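Enquirer: With chain X's structure known, arrange chain Y with the ligands on it following the hints.
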Amino acid sequence: MTIEAHGPVAVATTRKAAPGVFYLCLGILGLAVVAAILADWIAPYDPSATDFSALYQQPSSAHWFGTDQLGRDILSRVIHGARPSLLGAIALLTFATAVGVLIGTVAAWKRGWVDAVLARVTDVMFAFPGLLFVVLVIAVFDRGPGTAVIGMGLAFAPVIAKFTRAIALEEMARPYVDAYRLQGIGSVELCVRYVLPNLFPTLIGYLVVLFGEGLMSLAALNFLGFGAQPPSSEWGLMVQEGRGGVIQGIVGPALIPGLVIAVVVVATNVIGVRLSDKLAVKA
Amino acid sequence: MTDVVRVTGLRKAFDVTRRTPGIVAVENLSFRLGKADAIGVVGESGSGKSTLARMLVGLTRPDAGTIEFDGRVREWRERGRLARLRRAKEVQMVFQDPYGSLDRRLTVETALRNVLRRHQVDSSAVGTRIAELMDSVGLESRLLASRPHQLSGGQRQRVAIAKALAVEPAVLVLDEVTSALDVSVQAQILALLTDIRARTGVSLIFVSHDLAVVGKVTDSILVMYRGQAVEQGSTADVLRRPQHPYTEMLLSSAPGPGWRPERVAELRAAFAVVHDR
Ligand SMILES: Nc1ncnc2c1ncn2[C@@H]1O[C@H](COP(=O)(O)OP(=O)(O)OP(=O)(O)O)[C@@H](O)[C@H]1O
Ligand SMILES: [Mg+2]
Numbered sequence: 001m002t003i004e005a006h007g008p009v010a011v012a013t014t015r016k017a018a019p020g021v022f023y024l025c026l027g028i029l030g031l032a033v034v035a036a037i038l039a040d041w042i043a044p045y046d047p048s049a050t051d052f053s054a055l056y057q058q059p060s061s062a063h064w065f066g067t068d069q070l071g072r073d074i075l076s077r078v079i080h081g082a083r084p085s086l087l088g089a090i091a092l093l094t095f096a097t098a099v100g101v102l103i104g105t106v107a108a109w110k111r112g113w114v115d116a117v118l119a120r121v122t123d124v125m126f127a128f129p130g131l132l133f134v135v136l137v138i139a140v141f142d143r144g145p146g147t148a149v150i151g152m153g154l155a156f157a158p159v160i161a162k163f164t165r166a167i168a169l170e171e172m173a174r175p176y177v178d179a180y181r182l183q184g185i186g187s188v189e190l191c192v193r194y195v196l197p198n199l200f201p202t203l204i205g206y207l208v209v210l211f212g213e214g215l216m217s218l219a220a221l222n223f224l225g226f227g228a229q230p231p232s233s234e235w236g237l238m239v240q241e242g243r244g245g246v247i248q249g250i251v252g253p254a255l256i257p258g259l260v261i262a263v264v265v266v267a268t269n270v271i272g273v274r275l276s277d278k279l280a281v282k283a
Numbered sequence: 001m002t003d004v005v006r007v008t009g010l011r012k013a014f015d016v017t018r019r020t021p022g023i024v025a026v027e028n029l030s031f032r033l034g035k036a037d038a039i040g041v042v043g044e045s046g047s048g049k050s051t052l053a054r055m056l057v058g059l060t061r062p063d064a065g066t067i068e069f070d071g072r073v074r075e076w077r078e079r080g081r082l083a084r085l086r087r088a089k090e091v092q093m094v095f096q097d098p099y100g101s102l103d104r105r106l107t108v109e110t111a112l113r114n115v116l117r118r119h120q121v122d123s124s125a126v127g128t129r130i131a132e133l134m135d136s137v138g139l140e141s142r143l144l145a146s147r148p149h150q151l152s153g154g155q156r157q158r159v160a161i162a163k164a165l166a167v168e169p170a171v172l173v174l175d176e177v178t179s180a181l182d183v184s185v186q187a188q189i190l191a192l193l194t195d196i197r198a199r200t201g202v203s204l205i206f207v208s209h210d211l212a213v214v215g216k217v218t219d220s221i222l223v224m225y226r227g228q229a230v231e232q233g234s235t236a237d238v239l240r241r242p243q244h245p246y247t248e249m250l251l252s253s254a255p256g257p258g259w260r261p262e263r264v265a266e267l268r269a270a271f272a273v274v275h276d277r
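As you go down the protein sequences, you meet chains X and Y in turn. Read in order, the letters of the first sequence are residues 1 to 283 in the working numbering. Read in order, the letters of the second sequence are residues 1 to 277 in the working numbering.
Read the hints as simulated data drawn from the structure, not as lab findings.
So the derived label-pair ranges between C-beta atoms look like this:
| no. | chain 1 | residue 1 | chain 2 | residue 2 | range |
| --- | --- | --- | --- | --- | --- |
| 1 | X | Val-188 | Y | Gln-188 | 35 to 41 Å |
| 2 | Y | Asp-135 | X | Val-263 | 56 to 62 Å |
| 3 | Y | Ala-180 | X | Val-263 | 44 to 50 Å |
| 4 | X | Lys-110 | Y | Thr-8 | 27 to 33 Å |
| 5 | X | Phe-126 | Y | Arg-142 | 46 to 52 Å |
Keep in mind that this is a model prediction, so the values were computed, not measured. Beta carbons: idealized from backbone N, C-alpha and C, even for Gly.
Chain X with its partners taken away, still in its complex shape (with noise of 0.2 Å):
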């Protein structure tokens, strides 16, 4: 089973890469895991200090990075940013995950009718775009991170299901699966305890492509303002705040989280791309 990324920015990115180019993603995902865990000791500044007397600097020793609209720290708001955008992203695909990965597997377990009714459900979440469940999970439970997370995981739910679906179908196929039941193991413990362990190496090297996807799209939600709210430094949100500035021509505030959200998905799909070409299983 091969890996079929999503998306533009995986579609990009789904070549092989160099093995530099590799460890250099790693160390990429590595910063900004450490930015998620140790923003408070990092960050040179608290990132929601402002300061009225430097608005709108340029990136300076003092600030790297520059200050925003209300003279904060780019730097420190980005670092202390990581967290709510990855766990976001965790977040979304640990929801989206446990729903598709239960409804992927009953099809494929199933088979017949209860396969049928599963896949036209997963054909019509597929074809709502991710907006919608969003609005409509807010229009029920009002705005903030968990409504975006839910809306999003919604729609990345159909994508696992169908692909946890496909790969449980080959494996279930095989003899060995066979020589299971002859042992007189039932379906429920032959399924969760012995072929479910053996598609997560296929299912996490997908799932880490999609981490990639969730990020983007969450980024996305906050920029719209469904999730995240101020003051908040996710980088979704900052790149919304920061759009004023561009109009004046200062496009530090809005470009510099933007970038960031582009290097850091990007890096989580090469990452993705290689790792389920690594655990992809032996024979």
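Expert: Showing chain Y with the ligands alone in chain X's frame:
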């Protein structure tokens, strides 16, 4: 004495779609097998051997007919753990593909241990039993720590046989277990099966397209053509005095001294005229 296996009027058809009836894979098939006996099932590719084997072990549901193990008629998929464990002890199967028939995540030891645990072997006895099983399939104990991808095809097939034997089944179905192996490894596995049968008293159902291979390990042979048994008899009789032209054709198909491909074609043509009408 009751037979260990008794199969009566077994039938299976695979429909192309729900409306269009497809090919009949197995048709009105019956045979019996005594304790520690070995029966061979031979036939060309597509003759329905695997379908028969899968029905015997309960992986494929027959359209008609009954399968009895030790006088007890098999139901399709009984519920409950005890029923499943009892059925496991009735029959086990080893599959053709040595690459797909082991769980790639588990070491040989874990795989064997899991089977033994499930079938309530005393935990203090598990270690001894694993050593015995490895010995009986001719594997060195250093391979216990190996995972399937570190083993050769022949070694994997031995592990698969050991796993099946760990359940201590009354009957072992072997579907083309040597077909993916080279000739010398094939011979080793055949010798091994003969030895295991003599020591444990397990009955064998040995499925293969190769009549010569079947002849080496069985007492009787059932020849299948298009899902039907066209000849059934003791191995010696079938090999030496085939009653049916199809069997004769199978016999003459094997390349050997004095082999003539055109004779095979002749026999096939003659046979098709009689059988297919
Ligand atoms: N699941 C299935 N669905 C549809 N047709 C099937 C299925 N399984 C087997 N068949 C058909 O039934 C017939 C018998 O197949 P089977 O696998 O039993 O043959 P075989 O004797 O084992 O052949 P081989 O020596 O190639 O393994 C074939 O025509 C095959 O196409
Ligand atoms: Mg077959």
